[in-house]
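Visitor: Sequence:
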Amino acid sequence: MLLPYLNKIKSIKAMSIETAKQHLSRWKKDHEIMILDQSSATVELAAQALGVTGGEIAKSVSFYDQNGGAILIVTSGTARIDNRKFKDEFGQKAKMVSSEDVESLVGHPVGGVCPFGVKPEVKVYLDDSLRHFDWVYPACGSANSAIRLSVRELEQSSECVRWVDVTKE
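Take the sequence shown: its position 17, counted from the start at 1, is 54 in the working numbering, and no numbers get skipped.
Heads up, some of the hints might be wrong.
Unchecked claim - Quick list of in silico lysine-lysine cross-link-like pairs, DSS-like style, CA-CA up to 27 Å:
| # | residue 1 | residue 2 |
| --- | --- | --- |
| 1 | LYS58 | LYS130 |
| 2 | LYS160 | LYS132 |
| 3 | LYS66 | LYS156 |
| 4 | LYS122 | LYS66 |
| 5 | LYS205 | LYS124 |
| 6 | LYS205 | LYS132 |
| 7 | LYS58 | LYS124 |
| 8 | LYS132 | LYS122 |
| 9 | LYS132 | LYS156 |
| 10 | LYS160 | LYS130 |
| 11 | LYS122 | LYS205 |
| 12 | LYS160 | LYS205 |
| 13 | LYS156 | LYS130 |
| 14 | LYS156 | LYS122 |
| 15 | LYS124 | LYS156 |
| 16 | LYS160 | LYS124 |
| 17 | LYS205 | LYS130 |
| 18 | LYS65 | LYS160 |
| 19 | LYS156 | LYS65 |
| 20 | LYS160 | LYS66 |
Said to hold, decoys possible - Taking CB as the label site, the calculated pair distances span:
| # | residue 1 | residue 2 | range |
| --- | --- | --- | --- |
| 21 | LYS65 | SER136 | 14 to 20 Å |
| 22 | ARG168 | ASP74 | 26 to 32 Å |
| 23 | LYS132 | GLU206 | 19 to 25 Å |
| 24 | GLN75 | ARG189 | 27 to 33 Å |
| 25 | ILE72 | LYS124 | 37 to 43 Å |
| 26 | TRP200 | GLN59 | 32 to 38 Å |
| 27 | SER136 | MET71 | 20 to 26 Å |
| 28 | TRP64 | ARG121 | 22 to 28 Å |
| 29 | LYS132 | ARG189 | 17 to 23 Å |
| 30 | ARG168 | GLU81 | 20 to 26 Å |
| 31 | LYS124 | ARG168 | 19 to 25 Å |
Honestly, the hints are just simulated from the structure, not real lab data.
All C-beta atoms in this analysis are idealised placements derived from N, C-alpha and C, irrespective of residue type, glycine included.
Working from the sequences, and respecting the hints, build out all of it.
Guide: Here's what the structure looks like:
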């Protein structure tokens with residue numbers, strides 16, 4: 038019973054990486070995806086695996102929108118959502134998408150959520166906390182993948198709606 042379940046999980050993860058890869062191919066960045074030998078599912082693990090600071094990790098945080106869908110905010114790894122700023126920006130309280138809903142709403146599994154190849158109805162926003170860095174490292178669809186992008190490259194390839202200021206350090 039366990040083996041078919043594990044194979045299904047491996048298949049879903051492979052599809053998520055392929056979705057991110059296909060998305061990034063439009064900017065000729067698909068061959069720059071790094072598949073790591075260790076987990077990069079958290080900011081701390083990603084920073085350690087990549088040899089960078091936690092701030093340089095571009096973490097993707099998903100929140101429910103007003104219609105029960107999801108929005109994705111990409112922030113610096115060390116930044117935290119400021120509830121007041123979030124409410125001022127989006128007109129609603131910040132409510133993170135449950136781990137059970139992340140993949141179905143966003144299109145990537147927990148630990149590999151990224152702004153590349155998300156479901157069409159997901160709106161992506163980049164937080165100003167990323168502007169402190171020349172290079173950032175977002176995931177690419179799995180808990181052991183990443184890509185090194187300039188902030189400008191992230192802005193282009195994420196196809197973000199706009200920049201927002203919804204965090205605090």
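Visitor: For the range 32 to 38 Å, tell me whether the beta carbons of TRP200 and GLN59 fit it or not.
Guide: violated, 25 Å
Visitor: Could one say that the CB atoms of LYS65 and SER136 fall in the range 14 to 20 Å?
Guide: At 33 Å between Cβs, range violated.
Visitor: With the threshold set at 27 Å, check whether the alpha-carbon distance from LYS205 to LYS130 stays at or below it.
Guide: holds, 16 Å
Visitor: Has the hinted range 19 to 25 Å been met by the Cβ atoms of LYS132 and GLU206?
Guide: holds, 22 Å
Visitor: How does the Cβ-Cβ distance of LYS132 and ARG189 compare with 17 to 23 Å: does it lie in that range?
Guide: violated, 31 Å
Visitor: Verify the proposed pairing of LYS122 with LYS66, using a straight-line Cα cut of 27 Å.
Guide: Distance ~33 Å between LYS122 and LYS66 Cα, so the pair is violated.
Visitor: Quick check on a hinted range of 19 to 25 Å for LYS124 and ARG168, using CB atoms only.
Guide: holds, 22 Å
Visitor: So does ARG168 sit 20 to 26 Å from GLU81, Cβ to Cβ?
Guide: holds, 22 Å
Visitor: Does LYS132 pair with LYS156 here, judged by a C-alpha cut-off of 27 Å?
Guide: Given that 27 Å is the threshold and the Cα spacing comes to 19 Å, the pair holds.
Visitor: Checking one constraint from the list: CA of LYS122 to CA of LYS205, max 27 Å. Satisfied?
Guide: holds, 9 Å
Visitor: Do TRP64 and ARG121 keep their Cβ atoms within the hinted range of 22 to 28 Å?
Guide: Given about 35 Å between the Cβ atoms, the range is violated.
Visitor: Please check whether ILE72 and LYS124 have a Cβ separation lying inside 37 to 43 Å.
Guide: Between ILE72 and LYS124, where Cβ atoms are some 38 Å apart, the hint holds.
Comparing the model with each earlier hint shows violations of hints 1, 4, 7, 21, 26, 28 and 29; every other hint is respected.
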